[in-house]
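> Keeping the supplied structure of chain F fixed, place chain B upon it in accordance with the hints.
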Amino acid sequence: MAKVEVESEVTGNVWKLQVAVGAAVAVGDVLMILESMKMEIPVEAPVAGTLTEMLVAETDAVDEDQVLAIIEAV
Amino acid sequence: MFQRLLVANRGAIARRIVRACHRLGIESVALYSDADSQAPYLAEATQSIGLPGNTAAETYLNKPLLLQAILNSGADAVHPGYGFLAEDADFAQQVMDLGVHFVGPSPQWLSSMGDKVAARELMAEHNFPLFAGSKELNSVTAAQRAATQIGYPVMLKPAAGGGGIGMQVVADDQGLAVAFDRCQRMAQAAFGNGAVFVEAWISPARHIEVQVLADEHGNVMHAFERDCSLQRRQQKVIEEAPAPLVDRQSVLALAERSVELLATLGYNNVGTLETLQSPSGEFGFLEMNTRIQVEHGVTEMVTGLDLVAEQIQLAAGGQLPPQPTLSGYAVQARVYAEDSQTSMPSTGRLQVFAPPNMRHVRVETGYAQGMTVTPFYDPLLAKVLAWAPTRELAIGRLAVALQAYEIRGVRTNIALLRRILRSDEFLAGRVHTGLLQQFLG
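Residue numbers (the numbering used here), protein chains in the order written: chain F, 145 to 218; chain B, 996 to 1436.
In case anyone wonders, no lab produced these hints; they're calculated from the structure. We put the CB at the ideal spot given by N, CA and C, even for glycine. Incorrect hints may have been included.
To be verified - Partial list, computed: chain F residues near chain B (C-beta under 8 angstroms): (1) E153; (2) T155; (3) G156; (4) N157; (5) L161; (6) S180; (7) M181; (8) K182; (9) M183.
What the hints assert, rightly or not - Residues from chain B that keep clear of chain F, each with C-beta distances beyond 12 angstroms, as calculated: (10) R999; (11) A1064; (12) Q1088; (13) H1121; (14) T1136; (15) V1254; (16) S1341.
As the list claims (entries may be wrong) - Each pair of labels, with its calculated beta carbon distance range: (17) F:D209 <-> B:E1053: 24 to 32 angstroms; (18) B:G1261 <-> F:A170: 53 to 61 angstroms; (19) B:P1317 <-> F:D209: 34 to 42 angstroms; (20) B:Q1033 <-> F:E151: 24 to 32 angstroms; (21) F:E151 <-> B:A1052: 21 to 29 angstroms.
If we strip away everything but chain F, and leave its shape as in the complex, we get (with noise of 0.2 angstroms):
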């Protein structure tokens, strides 16, 4: 099983956690919506597994390839 890095394709600020630690995810599941520049970015899952790490916290400013969360891949 190998450990995947969910990162942030944009700066801005956490808006929604959609899914929460211990979760099954598939491939393009919501994780969380980011906020910037008034846009809402859903950040999906790039893979299938199990969501064992949730980094960041709603309202938490992000960066750009900052790892938000991280997947245990099936």
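Relative to chain F, chain B alone:
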């Protein structure tokens, strides 16, 4: 005339309003958040006042803080620009309660046009052309019934707000059931009002809007139309005046119908009546923007009017300018800090920011080299406008100006803008609201 005008905005429009104040011999008061403390409009204004913080809610949307700044500055007028509090009826009323002039229509107009369902009803009452649409919908079942009656596909929309937030095209009952909750939730989160409705989805459509001006004495005029069909995510990217490939007579009839209606209803200050035009040439009311628009500059270039100065003069009780005539063609491109392919926002320090300096080209920007583009506000870096006696030449000048615009430090959509401007479809004037999508991905 006013003595001292406070600009309740930031960026390109704040700078534009300060310029209009210079022209009218009025002192200007500019506001700035922490992130905007190096913005060029601050040095150009007579005075500037800092708003501590960075987010829009802490600063440019913070009504108590703004009202205090108005009092402290001794301003006798407030210009809200566009976005932020420009269409907030409560704010306009609070400004007026201080005995200060609000440069915009009366608060009743801001609230009646801010509710798109109410606005549609008002237009229907006065027989203004309108495509099919529903009232406010309280359940999925009600929405499905209305959509079936209108005929799928339909556009599901929040009644409040703007900027395309929450809007979605749905093809059938099942799609509507899925989209309905999401639309309500997004509308509630973004505008504090979860009301939604459906409208006929017109495609391919042209977005054609009429610029109107109205004084405080019941007189209304138009300044022709703009075409803003090039959009992504329901947001405008390229705008022009006059509209290409339209029947002049039917556009002028629409403009005159708009003037007649707004005179009957007693509108004041400037505004824009937005319509969609169906492939068969019919117009239908979309919404009315009760403020200056981002794309006002193209109208200024083809009419010679200074719409921002007119706004201020009209708010001070001045007369309408003489009816202008159309001269030439103007095209505007919005340079966004976003990736040309993915449209993802891009932030960073502007290591190089060198706008083109060319004849018949105008650049409106709130940024300067060395400033940082932050995630706190919208991604507009600059508006680049070009004028020429022919449309083809205006497009050519704009494309060359964009090519010369040197920006390093953030990604921009300039490559995309140039591809569109150089395309056969755009050059031929065959524009519609789905065209931009064809240049992506």
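> Which hint numbers does the structure go against, in order from smallest to largest?
Going through the list in order, the structure violates hints 5, 16 and 19 and respects the others.
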